[in-house]
Amino acid sequence: MVVLASLGASPGFMPELPEVEVTRRQIERVLVGRTVADVRTTAPSYFFLTPPRELRARLLGRRVTRLERHGKYLIGHLDDGSRLLLHLGMTGQLVAAPAEPTRPAPARRAGPRSERRAVAFVGDQHTHLVLSFREPGPRLCFRDVRKFGKVAWIPKGAVSERLDKLGPDALRVTGKELFDATRSRSVPIKTVLLDQSVLAGVGNIYADEALFVAKIRSTRPANALSQRESDALVAALRKVLRRSIATGGSTISDFVRPDGSDGGYQDHHLVYGRAGEPCPRCGTPIRRVVLGGRSTHYCPHCQK
DNA sequence: ACCGCACCCTGAGCGC
DNA sequence: TGCGCTCAGGGTGCGG
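Each residue of the first sequence is one higher than the one before, counting from 7 in the working numbering.
Mixed in with the good hints there might be a few duds.
[As the list claims (entries may be wrong)] Label-pair restraints from in silico Cβ distances: (1) ALA105 to PRO57: 23 to 31 Å; (2) ARG300 to ALA230: 36 to 44 Å; (3) LYS171 to ARG300: 14 to 22 Å.
Hint data in this document are derived by calculation from the structure and do not stem from the laboratory. From the three backbone atoms N, C-alpha and C, an ideal C-beta is built for every residue, glycine too.
Whole structure, please, built from the sequences with the hints as guidance.
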């Protein structure tokens, strides 16, 4: 069986909008139209906003009708009107795995015995959710090394506080919306880009990249941006995100090798992770500062 | 509104 | 060589 979708789990992998969209497109084929026959999880944890026990009861027998994305969230629509919410966090990955159980993971040396026993299904210790289906085909595995990901079940007609808080998707937000949202904000413009309630889907990497493309200094007070600059920034975001989705696809198909992080998306980064390297536009060394606890990269010459 | 900080978790990288 | 320690990293929510 072929692994249909997988993304590198290296420390450098951080699912933002493009990675989540690429995942959605791949996983959609595995998920939509199929009926949940079994739900395996690890023990209750921060990861499960809906406790594993309840999650299992809610999902069994449900058919997935649609897989939607908003910002960094994946939303599986179920045939009874309820929804399954998935967030990949920092290291989450959705993988289509062979339907036949693979051989058990080798016993780990570390970790108390009780912890090991909590892993109630076959697979490595970082796979926290496995969905099997009635119809033939692969299972869906949610693997997350850091466990910053989230799984939640939302009843039919219920309002999800998490989804409700999100601003427009970063691919759809308009320059005017960004401009309006920044009027009362004196924080750095990058902070606003990372604010999921203003626009959804941008993380640390693409914030830096878009600001570079738009030639706007990350630390500029948000309310100092003009309408024109807001338009430019939104256009830059769209360009960077779309391009990353396109190359993300190639990352996926490259991932026959275990080393998924070498797929190439990071080759497209213009400033992120390139502190000290010459700016691709003017050659000035890229500067790195910490902004709101996040590493921030910019060209001190190009970005005003 | 906004800032600083703790929390979630593991692996990498460090010093000894 | 190996142990044990610290901390990065994104998103979120808290208190001030």
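Outcome of the hint check:
The beta-carbon spacing between ALA105 and PRO57, approximately 26 Å, falls within the hinted interval of 23 to 31 Å. Checked against the hint of 36 to 44 Å, the pair ARG300 and ALA230 fails, with Cβ atoms roughly 20 Å apart. For LYS171 and ARG300, the hinted distance range of 14 to 22 Å is satisfied, since their beta carbons lie about 20 Å from each other.
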